[in-house]
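Note that the protein sequences, when read in sequence, are chains A and B.
Position 178 of the first sequence, counting from 1, maps to 178 under our numbering, and the rest follow consecutively.
Take any residue in the second sequence, note its place counting from 1, add 184, and you have its number in our numbering.
Since the hints were derived computationally from the structure, they do not count as laboratory data.
Careful, some of the hints might be misleading.
Unchecked claim - Straight-line distance between alpha carbons at most 20 Å, and here's what the computed DMTMM-like set of lysine to aspartate or glutamate pairs gives:
#1 A:Lys154 x A:Asp13
#2 A:Lys179 x B:Glu209
#3 A:Lys154 x A:Glu95
#4 A:Lys179 x B:Asp244
As the list claims (entries may be wrong) - Pulled from the structure, derived: some chain B residues nowhere near chain A, Cβ distances all over 10 Å:
#5 Ala218
#6 Cys220
#7 Ala236
#8 Arg305
#9 Ala306
#10 Ala308
#11 Val309
#12 Leu401
Source: prediction; values computed, not measured.
No residue lacks a Cβ here, since even glycine has one placed at the ideal position from N, Cα and C.
Here is what each chain is made of, one letter per residue.
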Amino acid sequence: MIVPAVARDEPGDDELIERWHAGDERAAAAIVERHAPGLARFAASRGEWAHVEELVQDTFVRAFESFSTFRSESSLRTWLFTILRRLALDRRRSERRRREVADAAPVRAATSYGALDSLVADETQLRVEAAVRRLTRMQRDVFNLRVSESLSYKEIADVLGSTEGAARVHYHNALRAVKEALDD
Amino acid sequence: MIDCTNVRMREALPEYMHGLLDLRERLLVQAHLAGCGACSAELAVLERCRSAMSAVPVMDTRRVVAALPAPPARRRRSAAARRPPAIRELPLPPRPITAARRAATARPGGRRLGWMGAAWRAAAVALLMVGSLAVIVGQRGHWTVAEGMIGARSGNAAGPAGSGSAGQRASDSVMLAASAAREGVDGGQLDTSRDAPVLSLAGGLSELSDAALVALLGEVDAMEALPMVEPPPVSAFVVAGQSGAL
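Can you make the complete structure from the sequences, with help from the hints?
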């Protein structure tokens, strides 16, 4: 197994958490700046385009309120993704109860997504999006976490409440489906 | 295209794409990619996917930061700063022990008993007194309860009353409801010798001397704050074929 290199030039998450506990609010800002983009991408990939900011904010609030229970057994990033996924599931369930649930497919036109992105979205991008959209929910989550966020299978399994082996199988099935869709 | 069989290299492609491999591993993957068309094609697909999925929705992280709770250390400092220094530095005066406080702390949780609790306490004290006298009877012999009225009412609970006399012994017997019910009414008589003590509340009570018991009863009588409330009937009793309620 190839182990990803760890960036040494920036303080680690554990150090930032310690500094925040000691009263350094800039450490909180650093944590948010570091992890918010990935969380936002993950939320968007789950079709939560209209609620990305709300979900990301709730995720950080929940995490910072619970740092006393964070044991560093998993990485902060994995923990944050786990919280966000649970919040998204709760939100989707409550929406379903209210019969307001939208299709899981991202609807960019109705979101705050930048107009420039729509302009530059070329055919390849649209084909990739269409291919990813056809994946099952689990395949899509695994594929996004692996390709966009470079989480390991172990981390993906922690986030999704699955196993490493299952995450690996989902990833390769998703990759094969995307390849086939792009080859068409 | 057929997938590459070098699983290790294939699995490293996402990390390679994100630049997360150390130098040695990165060179290994680069060398593999130079001679593996399948992995090169797969890496191209991954990069297209990553590019397509990399768009970050517009969001204001400052608002996220503003919504976060204050750091614990700052919360503690803020809480301490809100307290007036004079109060913080002065030791708290001892609280006077009042009857109400005594009542509130008498039970776990410190809740006040209320009138129901007071009634039950009165009943318990009455039972204690009856039991104490029963033990005395057990030690001295038998008392007579002629027509079977046991005055176990609160406030004046004092064991056998009515026409009962402490001086009479012999075949006299104390009939308490619980014992009578348990043994069955045998002509209104109970053999207290095999049933003794008729009513006992604690094993240690029988070990007290008469003087100690009298002193204890005196203390119970002297207890303050006992409401003069009649407790609800405890149970039925049968004395010499008569029935009634305590």
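Violated hints, by number in ascending order, as checked against the structure: 2, 3, 4 and 7
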